[in-house]
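What follows is each chain in one-letter form.
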Amino acid sequence: MVAVSQHESIVQLEQRRRAYSLLTILVVVLILVTGYTQAESMNSGGFLTGLRQFFDYPGDILEEAWAEGWAFWGIVWGFLPALVETLNIAATATILGGVLAMVFAFLSTRSLDVWPPLIPVSRRLMDVMRAFPELILALFLIFVLGASSVPAMIAVAFHTIGALGKLFSEVNENIDRRPVEGLQAVGASWLQRLRFGVLPQVLPNYTSYFLMRFEINVRASAILGFVGAGGLGAELRRTIGWGSGEETAALLLLLFASIMVIDQVSGMVRRGLVTGTLRAKRVPA
Amino acid sequence: MSTPPAPLAFPLAFPLAFDADAVMARHVDAVRHVRRGSLIGLAGLLAVLAYLVYAWFAFDIPRLIATAEPQRAVLLATDAVAHKVHVTKGLRNPGFEVAVEGERTATYDTPPAWVEADTAGDRVIVDLGDGYSARIDGAVLTLTGPDTAPIRVEATDRGVRIDYRGARPDWVTEGVNVKTGSLVKFEARPSIDKRVQVTRSKIEIHRYFFGWENFWFPFDSPLHGLSLGALVELALSGDRIDPDRSNVATIFDTFWSNPEWQHRTVFIALLETVLMAVLGTLTAAFVGLPLAFAAAHTFNRIAVIRFALRRLFDFLRGIDMLIWSLIFIRAFGLGPLTGALAIAFTDTGTLGKLFSETLENIDRKQVEGVQATGANRWQRYRFGVIPQILPVFVSQGLYYLESNMRSATVIGALGAGGIGLVLVETMRTSRDWENTLYIIILTILLVVAMDALSGWLRRRLIQG
Numbered sequence: 001m002v003a004v005s006q007h008e009s010i011v012q013l014e015q016r017r018r019a020y021s022l023l024t025i026l027v028v029v030l031i032l033v034t035g036y037t038q039a040e041s042m043n044s045g046g047f048l049t050g051l052r053q054f055f056d057y058p059g060d061i062l063e064e065a066w067a068e069g070w071a072f073w074g075i076v077w078g079f080l081p082a083l084v085e086t087l088n089i090a091a092t093a094t095i096l097g098g099v100l101a102m103v104f105a106f107l108s109t110r111s112l113d114v115w116p117p118l119i120p121v122s123r124r125l126m127d128v129m130r131a132f133p134e135l136i137l138a139l140f141l142i143f144v145l146g147a148s149s150v151p152a153m154i155a156v157a158f159h160t161i162g163a164l165g166k167l168f169s170e171v172n173e174n175i176d177r178r179p180v181e182g183l184q185a186v187g188a189s190w191l192q193r194l195r196f197g198v199l200p201q202v203l204p205n206y207t208s209y210f211l212m213r214f215e216i217n218v219r220a221s222a223i224l225g226f227v228g229a230g231g232l233g234a235e236l237r238r239t240i241g242w243g244s245g246e247e248t249a250a251l252l253l254l255l256f257a258s259i260m261v262i263d264q265v266s267g268m269v270r271r272g273l274v275t276g277t278l279r280a281k282r283v284p285a
Numbered sequence: 001m002s003t004p005p006a007p008l009a010f011p012l013a014f015p016l017a018f019d020a021d022a023v024m025a026r027h028v029d030a031v032r033h034v035r036r037g038s039l040i041g042l043a044g045l046l047a048v049l050a051y052l053v054y055a056w057f058a059f060d061i062p063r064l065i066a067t068a069e070p071q072r073a074v075l076l077a078t079d080a081v082a083h084k085v086h087v088t089k090g091l092r093n094p095g096f097e098v099a100v101e102g103e104r105t106a107t108y109d110t111p112p113a114w115v116e117a118d119t120a121g122d123r124v125i126v127d128l129g130d131g132y133s134a135r136i137d138g139a140v141l142t143l144t145g146p147d148t149a150p151i152r153v154e155a156t157d158r159g160v161r162i163d164y165r166g167a168r169p170d171w172v173t174e175g176v177n178v179k180t181g182s183l184v185k186f187e188a189r190p191s192i193d194k195r196v197q198v199t200r201s202k203i204e205i206h207r208y209f210f211g212w213e214n215f216w217f218p219f220d221s222p223l224h225g226l227s228l229g230a231l232v233e234l235a236l237s238g239d240r241i242d243p244d245r246s247n248v249a250t251i252f253d254t255f256w257s258n259p260e261w262q263h264r265t266v267f268i269a270l271l272e273t274v275l276m277a278v279l280g281t282l283t284a285a286f287v288g289l290p291l292a293f294a295a296a297h298t299f300n301r302i303a304v305i306r307f308a309l310r311r312l313f314d315f316l317r318g319i320d321m322l323i324w325s326l327i328f329i330r331a332f333g334l335g336p337l338t339g340a341l342a343i344a345f346t347d348t349g350t351l352g353k354l355f356s357e358t359l360e361n362i363d364r365k366q367v368e369g370v371q372a373t374g375a376n377r378w379q380r381y382r383f384g385v386i387p388q389i390l391p392v393f394v395s396q397g398l399y400y401l402e403s404n405m406r407s408a409t410v411i412g413a414l415g416a417g418g419i420g421l422v423l424v425e426t427m428r429t430s431r432d433w434e435n436t437l438y439i440i441i442l443t444i445l446l447v448v449a450m451d452a453l454s455g456w457l458r459r460r461l462i463q464g
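Those protein sequences? They're chains A and B, same order as listed. Mapping of the first sequence onto our numbering: position 58 corresponds to residue 58, and the numbering continues sequentially without gaps. Mapping of the second sequence onto our numbering: position 176 corresponds to residue 176, and the numbering continues sequentially without gaps.
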């Protein structure tokens, strides 16, 4: 009897689940269909005509780049300073944002004996910094500071504090308290406990998130260049405006190649950090 | 790095006697190890500092500090929360008017109480607040303040003639024609909320007031200036303002098509941005999932396809949203479809890679359990695999939705449309910063609302 009623309740549960899944799928399909219909009607160009033209632009700029022959690589070489500028924006923003994110993360972790009222304050601050759209801050700073790389850098760094701060504080929440307690037992100060008890535990994860963020920030800096900050984006805006296909192709190639390289290298390093191969090398036997 | 206790220091059994020498020997090792760690850390820190010093000069911070215009921030902040009323006396094209933001559609028929003027505008007294007042007699302006001698400025055919009758205050700037060396412009800004300008063609007085003017209804509409109570009364009353429509429709329509604030345009732009983010993310998630199955070695034995799909994911991600947007803008023109496709293409790569990694790490036991009951391939996927990856699918999908909300504003600014483009255009014309602030507030509210919604959905879907 018990088994039968249990079976019935399981079947009921399963049926309800199926009803829910079906409903979810229906809602998603509905959103997609109405959304795309609506989006197409709002778009200035239609989907089908656009599809036919899809390869026109990439084709055009490739053709122009091909026509340059070997001189194309000279153009690519000429844009290296722009690439360096974009990478500088991303790197500086990630470093400054990362350092401040560490401060915020330590201030918002319950298990690290900070002054309790500070915890919700720093958490809300991180939420605000994460939610604030980079574009708005960048445009505002461009207006005040003039068009240069620095507004983009500050805007990206600001967002990085919020995004990395949240990830860092999650890492902090999961540390092993015992080394910290051991250090406290031998009379270590708060800073010493942080340095010898906490940092060694969290640094590998921090590095992994840091590299991930750097990759995201390279993309963000390139885009912000387009609205007035310097670097690859600014050059792209100029070459597209002038209709100079071979230069556009060179810039796109640089952006694509650098993102690929950073992506692969950071992926490799991160895998190493997580599986502990890099870590094992540094610890003497 | 914590030092692992050297296992060889302790023989198989825990020593009963306290071996001080062994501890000391390990102590030396431990200290050396910690010191080495500190040195590596210090070197890393120094390298970062050196890089930052390089960046300081690469970004040319000293020049930036020299050329920054912090007063622009003050100006922007003031203008964003205040509106100004222009009192203009034309000299070359004779005329006199008092208008909000100097707009022809927002001209006062009878000047407000702080402006005393005869109908022709030959004799005008403007109360500027804080004890300042300006008086216009024909082409002569007299500015009096609480602690400065009256300043008399006369607009002549060739420029302006200024008579200070005392020390020249530091809030006055004079404009000089570089060629002739004659004074052509007088400008006084005793405080941030008042400003007086005299050139030979006109005398203009600005006074700032706190608040957003004409936010609800245009200045020249019959609804302008009505209180909320009066509006409700009007909405409920049977006497129609416009005989063809109900009063509620008239009130809404007047608000919606307000030419200065453009509520309708802004709303549609917000909708476009939401459409881009939602459609892009949903498409990426639902295209990425089946591709992820085909790219995971646990589900696809054909290595060539797996390799090709992996490279496809890398390619889609590597092209980056910026490049995709540029290509799609060329092909599909301006609009939400363009943005949605750019987001969908980039994130199919990201989500596909992420899902396939998750699929390779699932627990085989659940699949085998389902297989043991005689389930076929699709049933194994449905009951053995999907339940395991659903939390990752949902939480990552929602996380990307949040992030794409912000991305959609940015690619909008590149030219795909939506609120990003409206924002850039409003800022570029920078006519009225209150409009910009209005759009910024709405954008932030939208992003925060999407974050809250996705957080709520995540909690519901993953626990339920």
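Honestly, the hints are just simulated from the structure, not real lab data. Bear in mind the structure is a predicted one, so any value in this text is a computation, not a measurement. Note that the Cβ used here is the ideal one computed from N, Cα and C, for glycine as well. Mixed in with the good hints, there may be bad ones.
Unchecked claim - Beta-carbon label-pair distances, calculated as ranges:
(1) B/G44 <-> A/Q192: 15 to 25 Å
(2) A/V128 <-> B/E174: 24 to 34 Å
(3) B/P391 <-> A/A19: 16 to 26 Å
(4) B/L52 <-> A/V128: 22 to 32 Å
(5) A/Q192 <-> B/D170: 17 to 27 Å
(6) B/G44 <-> A/D127: 39 to 49 Å
(7) B/G41 <-> A/G46: 57 to 67 Å
(8) B/A149 <-> A/D127: 49 to 59 Å
(9) A/D127 <-> B/V176: 50 to 60 Å
(10) B/L45 <-> A/Q53: 21 to 31 Å
(11) B/F215 <-> A/Q53: 37 to 47 Å
What the hints assert, rightly or not - To give an idea of the chain B side of the interface with chain A (calculated C-beta under 8 Å), a few residues:
(12) A66
(13) P70
(14) G335
(15) L337
Unchecked claim - Now the stretches of chain B that chain A is said to cover, found in silico as 3 or more residues with beta-carbon under 8 Å:
(16) 281 to 295
(17) 362 to 369
(18) 436 to 450
Here's how the hints hold up against the structure:
Taking the beta carbon of each, B/G44 and A/Q192 are about 19 Å apart, inside 15 to 25 Å as hinted. Under the hint 24 to 34 Å, the C-beta atoms of A/V128 and B/E174, about 44 Å apart, miss the expected range. At roughly 20 Å, the beta carbons of B/P391 and A/A19 sit within the given window of 16 to 26 Å. Roughly 25 Å separates the CB atoms of B/L52 and A/V128, a value that falls within the hinted 22 to 32 Å.
Evaluation of the 17 to 27 Å hint for A/Q192 and B/D170 yields a failure: the beta carbon distance comes to about 54 Å. A hinted range of 39 to 49 Å for the beta carbons of B/G44 and A/D127 is inconsistent with their spacing of about 30 Å. At about 58 Å, the CB distance of B/G41 to A/G46 agrees with the hint of 57 to 67 Å. About 54 Å separates the C-beta atoms of B/A149 and A/D127, a value consistent with the hinted range of 49 to 59 Å.
Between A/D127 and B/V176, the C-beta spacing of about 52 Å keeps the proposed range 50 to 60 Å intact. The beta-carbon spacing between B/L45 and A/Q53, approximately 52 Å, falls outside the hinted interval of 21 to 31 Å. Between B/F215 and A/Q53 the C-beta distance comes to about 42 Å, which sits within the given range of 37 to 47 Å. The interface hint given for B/A66 is broken, as the beta carbon of that residue sits about 10 Å from the closest beta carbon of chain A, more than 8 Å.
Annotation: B/P70 was flagged as interfacial toward chain A, and the flag holds, the nearest CB pair being 7 Å apart, inside 8 Å. Satisfaction of the interface hint for B/G335 is found here, the shortest Cβ-Cβ separation to chain A being roughly 3 Å, below the 8 Å cut-off. A distance limit of 8 Å between C-beta atoms decides the matter here; for B/L337 the minimum to chain A is near 4 Å, and the interface restraint holds. Taking a C-beta to C-beta cut-off of 8 Å, the segment 281 to 295 of chain B contributes 3 residues in contact with chain A, enough for the three needed, and the coverage statement holds.
A count of 0 residues in the segment 362 to 369 of chain B with a Cβ less than 8 Å from any Cβ of chain A is obtained; the coverage claim is therefore unmet, three being the minimum. Coverage of the segment 436 to 450 of chain B by chain A holds [criterion: at least 3 residues with CB-CB distance below 8 Å; count 5].
Violated hints, in rising order: 2, 5, 6, 10, 12 and 17; the structure is consistent with all others.
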